[in-house]
Amino acid sequence: MRLQRDPLAGKPGTEGAAAALFWSPDSRSIAYWTAPGPFRLKRVEIAGGPPQTLCDTQASPATGAWSPENVVIFHNGGLMKVPSAGGECSQLTTLDSTRGDTAHRFPSFLPDARHFIYFRASSRPENNGIYVGSLDSKPDQQSTKRLLATESGATYVPSPDSKIGHLLFVREGSLMAQPFDLKTLATTAPASARSAAACSVAAVEGRHPSRGSKTASIRGRALRPQQRRRW
Numbered sequence: 001m002r003l004q005r006d007p008l009a010g011k012p013g014t015e016g017a018a019a020a021l022f023w024s025p026d027s028r029s030i031a032y033w034t035a036p037g038p039f040r041l042k043r044v045e046i047a048g049g050p051p052q053t054l055c056d057t058q059a060s061p062a063t064g065a066w067s068p069e070n071v072v073i074f075h076n077g078g079l080m081k082v083p084s085a086g087g088e089c090s091q092l093t094t095l096d097s098t099r100g101d102t103a104h105r106f107p108s109f110l111p112d113a114r115h116f117i118y119f120r121a122s123s124r125p126e127n128n129g130i131y132v133g134s135l136d137s138k139p140d141q142q143s144t145k146r147l148l149a150t151e152s153g154a155t156y157v158p159s160p161d162s163k164i165g166h167l168l169f170v171r172e173g174s175l176m177a178q179p180f181d182l183k184t185l186a187t188t189a190p191a192s193a194r195s196a197a198a199c200s201v202a203a204v205e206g207r208h209p210s211r212g213s214k215t216a217s218i219r220g221r222a223l224r225p226q227q228r229r230r231w
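Following the numbering used here, the numbering of the sequence shown begins with 1 at its first residue and continues without gaps.
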């Protein structure tokens, strides 16, 4: 798979960018964060124009996702959300000390653009894994039912019939596929290995350039839709 150069290279006003995080669904903009503090989540149009600050953050955003309905969610301890045009940031998930939560990372939107999956890191191994969240739920009312046990993030990839898709994630160096029902937001069968080759990545993270697209990407750098692996 051929990767393009740094998408922020040469973009005026992005000299302080610490990392390119993720693309907008139409691939016309990319979100990134600046460091050192004060940390700021920003976006810039690839065609040109000055960067725009989406919001200030207490720490580096690290990972995030951009929905077709113009909502950006990002890691900042728990998960935060902000309109893609910028505005007030609000808490989306909160760390639960009773469960040993240490971070919520690698959010990835599901096709309805209202639900998302994300990784909950915990000091208790039995709580590490992938969970489903909702933009319509209050932070303290997000589901605490673990979808699957893993030490990585995951992304949803639809199947031809669009009813039962798969969650792709990395387990012990192998790419795994977990059958997942969008209607019930539940797994439907055991996960199976899709690649026996070792993967030197920490997580799999999804991108949804458009609803119904069948794409996935390995986290590590922001990729345009045409650069993403198809399944």
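Incorrect hints may have been included.
[What the hints assert, rightly or not] Between beta-carbon pairs, the in silico distance windows are:
# : residue 1 : residue 2 : range
1 : Ala-47    : Lys-163   : 36 to 42 Å
2 : Ala-9     : Lys-145   : 19 to 25 Å
3 : Leu-182   : Ala-9     : 34 to 40 Å
Think of the hints as simulated: they come from the structure by calculation, not from any bench.
Cβ atoms here follow ideal geometry from the backbone N, Cα and C, with glycine treated the same way.
Structure-based check of each hint:
no. : hint                         : result
1   : Ala-47 x Lys-163: 36 to 42 Å : holds (37 Å)
2   : Ala-9 x Lys-145: 19 to 25 Å  : violated (42 Å)
3   : Leu-182 x Ala-9: 34 to 40 Å  : holds (37 Å)
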